[in-house]
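> If you want the building blocks of each chain, they are given just below.
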Amino acid sequence: GDSVTQMEGPVTLSEEAFLTINCTYTATGYPSLFWYVQYPGEGLQLLLKATKADDKGSNKGFEATYRKETTSFHLEKGSVQVSDSAVYFCAPKAAGNKLTFGGGTRVLVKP
Amino acid sequence: DGGITQSPKYLFRKEGQNVTLSCEQNLNHDAMYWYRQDPGQGLRLIYYSQIVNDFQKGDIAEGYSVSREKKESFPLTVTSAQKNPTAFYLCASSPRKGGRETQYFGPGTRLLVL
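Chains A and B, in that order, give the protein sequences.
First residue of the first sequence? That's 1313 in this note's numbering, and the numbers climb one at a time after it.
First residue of the second sequence? That's 35 in this note's numbering, and the numbers climb one at a time after it.
Mixed in with the good hints, there may be bad ones.
[Unchecked claim] The following residues of chain A were derived to be distant from chain B, with all beta-carbon distances above 10 angstroms:
id: 1; residue: Leu1325
id: 2; residue: Leu1331
id: 3; residue: Thr1377
id: 4; residue: Val1394
[What the hints assert, rightly or not] Stretches of chain A that chain B covers, calculated by requiring three or more beta carbons in the stretch to come under 8 angstroms of a beta carbon on chain B:
id: 5; region: 1356–1363
id: 6; region: 1410–1421
Note that these hints are calculated values from the structure, not bench results.
We put the beta carbon where it would ideally sit given N, CA and C, even for glycine.
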């Protein structure tokens, strides 16, 4: 089946620092790739997505590029804020398959 | 506003009791899903439904049951057979299961055992 490997957290940063969360996946077929964010006590929100190789998804200052050759979809943000403190999930989805979640990476941004 | 609603936000269960979690969507989506999230962990799929009156087991269906009598609604019952029900339960929907589209999530229900 499909699987996702995310870097383990927690990742603790100072405000305005650069954030990278690594994500690699295995999937049958040609998946779409998603990053979801979960703020404390809430459900998951779609942060960004990419549907084909070399596509770059972006939203709220976050970016991730679909790298088919390395099966990766690393999340980056150039300058984090305290409000970015959350858990981030990488998830591939191929047609006919279910959405597969990684274990999530907790990010804590300190002022 | 279109979206997914879950109720209640918090639910308490006594030993041996069945409880039902509500999930409603007005997005006109065909597919709906239930996930369980334990502290510090990712999401695990309990049940999903691609169409009214049809549903399939996910990875951890034991101790749970669902129904899909209406397109908009996909309630989850946590039965007394589920020995460790304390968790955060998330409902989601997507236009259809077989595609590559994203899923949209509700705000979740936290279930606690008294």
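> A cut-off of 10 angstroms on Cβ-Cβ distance, and Val1394(A) was said to be off the interface with chain B. Does that hold?
21 angstroms, holds
> Once the closest CB in chain B is found, is it more than 10 angstroms from Leu1325(A)?
19 angstroms, holds
> Examine each Cβ of chain B, and state whether all of them lie more than 10 angstroms from the Cβ of Thr1377(A).
It holds; Thr1377(A) is separated from chain B by about 17 angstroms at its closest Cβ, greater than 10 angstroms.
> Over 10 angstroms to the closest beta carbon of chain B is the bar; see if Leu1331(A) clears it.
Non-interface label on Leu1331(A) holds, nearest chain B Cβ at 20 angstroms vs cutoff 10 angstroms.
> Quick check: do three or more residues in the region 1356–1363 of chain A have a beta carbon closer than 8 angstroms to a beta carbon of chain B?
holds (count 5)
> Does the region 1410–1421 of chain A contain three or more residues whose Cβ lies closer than 8 angstroms to a Cβ of chain B?
Result for this restraint: holds, n = 7.
Going down the numbered hints, you'll see the structure goes against none, and every one checks out.
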